[in-house]
Amino acid sequence: MVTGLLFISPWLIGMLIFTLYPFVMTLYYSFTKFSIVGSPEWIGIDNFVNLAGDELFWKSLYNTAYYTIFQVPLATVAAIALAMLLNMKVRGLAFYRTAFYIPSVVPLVATSILWLWLFNPSFGVVNVGLGALHLPQPGWMFEEGMAKPTFILMGIWAVGAPMVIYLAALQGVPKELYEVADIEGANWWQRIWHVTLPQISPAILFNVVLAVVASLQYFTQAYIMTQGGPNNATLFYSLYLYRQAFTYLNFGLASAMAWLLFIVVLAITVLLFRTSSRWVYYAGEG
Amino acid sequence: MNSPGKRSGFRLLALLVALAIVSSSCGSDSTEADGGSTAADQDTAAVEDTAADEDAAADQDSEATGEVVELVWWSAYTGSVADKLAWQVEQFNDSHPDIHVTNLQIPGGSGNQDAERKFLTAVAAGEGPDIYTSSNPVVANYAEAGAILPLDEYLTGDYAGLVDWLYPAAAEGGMYQGVLYGLPQSMNSQNMLYNISMLEEQGLDEPPATLAEFDEVQAAMWDYDGNQVRQVGFFPEPSRFTLYMSFFGCDLNLNDEGRYDLSGNAGCLSLMEYYEKYQEYPLSAFTAFQSAVGAGDAGGNDPFTAGKQGFYIVGPWEGRTTIPAGNPDMVGNFSAANFPTVPGGPTGPSTFVNGNYDFMAAGTEHPAEAFTFLAWLSGWGNPDINGEVMALVGWLPGAPEVSESDTYQAFLAEFPWAQVMVDAFASPDAVAAENTLGMAQVFDALNTVCEAVLTGQMTPEEALAYVDEQGNNALDEAGG
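These protein sequence lines map, in sequence, to chains A and B. All the letters of the first sequence, read from the start, carry residue numbers 1 to 286 under the numbering used here. All the letters of the second sequence, read from the start, carry residue numbers 1001 to 1480 under the numbering used here.
In isolation and in its complexed conformation, chain A is listed as follows:
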C-alpha cells in the first residue's frame, strides 16, 4: 500500500496542492472578504446574502440555465444524428468524419472570431444567405433576444468530441439486434428507439454529464465575443464570477459563487446518475 502511494506520490502531491488545497480554501474564502492581497476577513454568510440580493447574479444564473437547458439536448441530438450518418457506409467517409470533427479542435478564440463574422447582421454570410431567400435576418449576438440562441447554435456546430464517442458506441451495437428487429418488422424509427438508443445509452449518459458541466461553466466565447452584452443577455455565470474576482477583486464573493456552482453541478450530476438506472442500459446487467 505504502509503496503504491509512493509511486503515485507525484500526482498525489500535485493533486493535494493544486486541486484539493485550493478547493478547500475557496470554501473558507467564500465566508470572507478577500482581495487576494492581504489576509481574508471573516464575514460569515454575508457573501451569500449579498448574492441573493444581486440582480446580476440571478440574471447570470438565468442566462446559464437557459443555455444549458437548450444547448445540452440539442447538442446531444445533433451529435447522435451526425454519428449515425457517419456510421453509414458511403464514399468519402474518412473525409466526412474529419470534416465534422475539425470544429472541435479549432481554438475557441479563432472560432469566436469566425462566428462574429458569419453572424454579423449587416454584412455576415448567414444573413446575406437568409436575405437572398427572403427570410428574416436576425441581429444574432448583437440583439438581446437572439444572443443566447446564437451561442447555442455555435455550440451545436462544435459537437465533434461527443460525436466521436457516439460513433464508437454505435459501432459496438451488435448487428444481430438489428437483424432481429428486421425480422420482427421494425421500421427505421423503431430500430433507433428500441435498439440503437438503448445500446448507446451509457455513452449518452457520459456525454450528457460532461455537456451539463461544460454548459454550466460556459465562459470563453461570451468573454471574447460579447463581454456579457447586449444588456447582460450573455452574462453567463462563470463570466460574472470572473468579473467579481478579477475586475472587482471580490475573491470572497467569487469563491461563494464558485461553491454555489459546484453544488448545482453536483446536484445535477447526482440526479442524472440516480435516474440513469431507468434509462441507461448496460449490457451484461440483468
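Please note that the accuracy of each hint is not assured.
[To be verified] What follows is a set of in silico ranges between Cβ atoms, one per label pair, in the way DEER data are often shown:
#	chain 1	residue 1	chain 2	residue 2	range
1	B	1343	A	53	36 to 46 Å
2	B	1325	A	192	55 to 65 Å
3	B	1273	A	69	33 to 43 Å
4	B	1227	A	104	30 to 40 Å
[Stated by the list, open to error] Simulated crosslink set (SDA-like; lysine to any residue; CA at most 20 Å straight-line):
#	chain 1	residue 1	chain 2	residue 2
5	B	1084	B	1381
6	A	175	A	283
7	A	33	B	1117
8	B	1118	A	26
9	A	33	B	1476
10	A	33	B	1461
11	B	1118	A	59
12	A	33	B	1473
13	A	59	B	1225
14	B	1277	B	1226
15	A	59	B	1440
16	B	1118	A	18
17	B	1277	B	1196
18	B	1277	B	1475
[As the list claims (entries may be wrong)] Now the stretches of chain B that chain A is said to cover, found in silico as 3 or more residues with beta-carbon under 8 Å:
#	region
19	1282-1293
20	1445-1455
Don't read these hints as lab results, they were simulated from the structure. Even glycine gets a Cβ: it sits at the ideal position worked out from N, Cα and C.
Starting from the known structure of chain A, fit chain B onto it as the hints suggest.
Below, chain B without anything else, positioned relative to chain A:
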C-alpha cells in the same frame, strides 16, 4: 472492511492535507505581519515605520557600498511602444548609476486582465515587481487591498512640488481618498475628431459649434436603409459614456455623503437623455456595422478610421498611429475640434481624463529608488525624454512642462490638430472619475444602462438610478 494498509494510506493523505492547510495558515499570518494590511493602515504607521526607514537604510547602504540597486518594472506594452520604453529605461539607467531598472513586458490580455491577474498573484506570493503600470481604475481596489503603496511619504525634498507640477486632472486620477498612489505614465484626453470630406458634403468648412447644429449635421451623414448601416454621423456608444461626460457637465464624483448620486446630477441626466435620442438608430445595426469595419481603436480599424463616421470622440493616438496604420487614405482628411457646446455644459474646452499610471508595488525592497524611477517616468526632470515617448503614440503627458518640451512640441507641429486635446487636458473642465471601490461596478452598470436606454428598455431616470444603486451597493459591500 478496511485493511490496515488502507488505513495507513488514509492517514498519510490526512497528514498531507493537514500539512498543506497548516502551511497555508502560516503563510497568511506572515502576510499580515509583513504589511498585507489595508491602504488606510499603510498610509500612516506602516509606511512611516517601514518604507522610510528602509529607504534611508537602502540609500546609506548603496552609497556606502557603491552597490547598484536593482529594480524590476512590469508593464504590458508591445511593439514599437515596448521598444521605446526600453530606450527610456536605458536613458534612466545611464543617468542614475546607482539604480538599474529592468523592464519586463508581461502579456496584458483582453482589458489588461491577464496582467492584473499576474500582478496580484505575484504580489500575494511576495514575488511582485517594484513598479507596475496599469490603468487608473485599479487604484482604489489595489490601494485598499494593499497591492500598491501610497506615495505621499516621498513628496518631500526634491519632490515636494511634484503633484502641483502635474496637470490637476492627471494628479487626481492617481489618487484614492486624497492620497497619491500613482504617477502618470501616459494620459488620455479625448475630444472630437471629424471627417473633413463628410463635413464638406454637408456644405460645411467648420464643425458645428452647438449641439443642435451637430445633431442636424450628424443625422444627415447617416447611410442607413432600415437594415444595414453603411455610414454614420455620430453614435453615442454604450461603453463610452464617460468620454462624453465632461461635455454635458456630468461627473462620477461621490457626493458629500460619500455616495454615488448621478440621478441628482443634471449633466448626467442630460447626457442620458442624449443617448435616448439615438433610439431611432438600432443599436444592433450600429454594433454590426462597427464590428464589420473592425471595432475598437486599439490598432484596429474603427468606423472613423475607415472613413465611414463623421464625428468620433477619441484621443490623439487615433490620428497619430491608428489612421496612418489602418487607412492611410484618411490621413489629411480629418481634424479635431472641441465637442459642440451643450446647454448646461461647459462653454470652453473639456475632456474626460484617464490613463495609465505607474505604481509602487507592495513588497518592494527599495521604495526610495522605486519612487525616484516613478517620478522620472512621469517626466519629472526629463521632459524631453518623456515628451518623445508620449509623442510616439500620441499620448498626453502628465505635466504641462512635458507638453511644452521641444520633443512634444515637435509632435504638435507635425500633428497640429492634437493641440485641441492638449488644450482640453489643461482646461479647468478636464475631469477624471473619482477613484472609488465602486468604480468598476459603475463603469459596468453604465455600459448596461446605456444599452438599455438606446434600446428603449429604460428611461434615463431609471438608468441613472440603477447606476447609483450598483455603485452604492459596491461601496457598501466593500465597506462591510
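For each hint, the structure was consulted:
1. The supplied range of 36 to 46 Å is met by residue 1343 of chain B and residue 53 of chain A, whose beta-carbon atoms lie about 39 Å from each other.
2. Checked against the hint of 55 to 65 Å, the pair residue 1325 of chain B and residue 192 of chain A passes, with Cβ atoms roughly 57 Å apart.
3. Look at residue 1273 of chain B against residue 69 of chain A: about 39 Å separates their beta carbons, and that is inside 33 to 43 Å.
4. Range check, residue 1227 of chain B to residue 104 of chain A: Cβ separation about 35 Å, and the 30 to 40 Å hint holds.
5. Taking the CA atoms of residue 1084 of chain B and residue 1381 of chain B, the gap is about 18 Å. The hint holds against a cut of 20 Å.
6. About 14 Å separates the Cα atoms of residue 175 of chain A and residue 283 of chain A, which keeps this hinted pair within 20 Å; it holds.
7. With a C-alpha separation of about 18 Å, the suggested pair residue 33 of chain A and residue 1117 of chain B falls inside the 20 Å cut-off, and the hint holds.
8. Of the pairs offered as hints, the one joining residue 1118 of chain B and residue 26 of chain A holds, with about 19 Å between alpha carbons and a cut-off of 20 Å not exceeded.
9. A hinted pair counts as satisfied when its Cα atoms are at most 20 Å apart, and residue 33 of chain A with residue 1476 of chain B qualifies at roughly 12 Å.
10. With a C-alpha separation of about 33 Å, the suggested pair residue 33 of chain A and residue 1461 of chain B falls outside the 20 Å cut-off, and the hint is violated.
11. With a C-alpha separation of about 29 Å, the suggested pair residue 1118 of chain B and residue 59 of chain A falls outside the 20 Å cut-off, and the hint is violated.
12. Using a Cα cut-off of 20 Å, the hinted pair residue 33 of chain A and residue 1473 of chain B holds, with the two alpha carbons roughly 15 Å apart.
13. Of the pairs offered as hints, the one joining residue 59 of chain A and residue 1225 of chain B is violated, with about 34 Å between alpha carbons and a cut-off of 20 Å exceeded.
14. At most 20 Å may separate the alpha-carbon atoms for a hinted pair to count; residue 1277 of chain B and residue 1226 of chain B meet this at roughly 17 Å.
15. Note on residue 59 of chain A and residue 1440 of chain B: the hinted pairing holds, with a Cα-Cα distance of about 19 Å set against a maximum of 20 Å.
16. The straight-line distance between the Cα atoms of residue 1118 of chain B and residue 18 of chain A is roughly 17 Å, inside the 20 Å bound, and the hint therefore holds.
17. At most 20 Å may separate the alpha-carbon atoms for a hinted pair to count; residue 1277 of chain B and residue 1196 of chain B exceed this at roughly 25 Å.
18. Pair hint residue 1277 of chain B plus residue 1475 of chain B does not hold up; C-alpha atoms about 32 Å apart against a cutoff of 20 Å.
19. Counting residues of the region 1282-1293 of chain B whose CB lies closer than 8 Å to any CB of chain A gives 9, which reaches the minimum of 3, so the coverage claim holds.
20. Requiring three or more residues with a Cβ within less than 8 Å of a Cβ of chain A, the coverage given for the region 1445-1455 of chain B holds, as 5 such residues are present.
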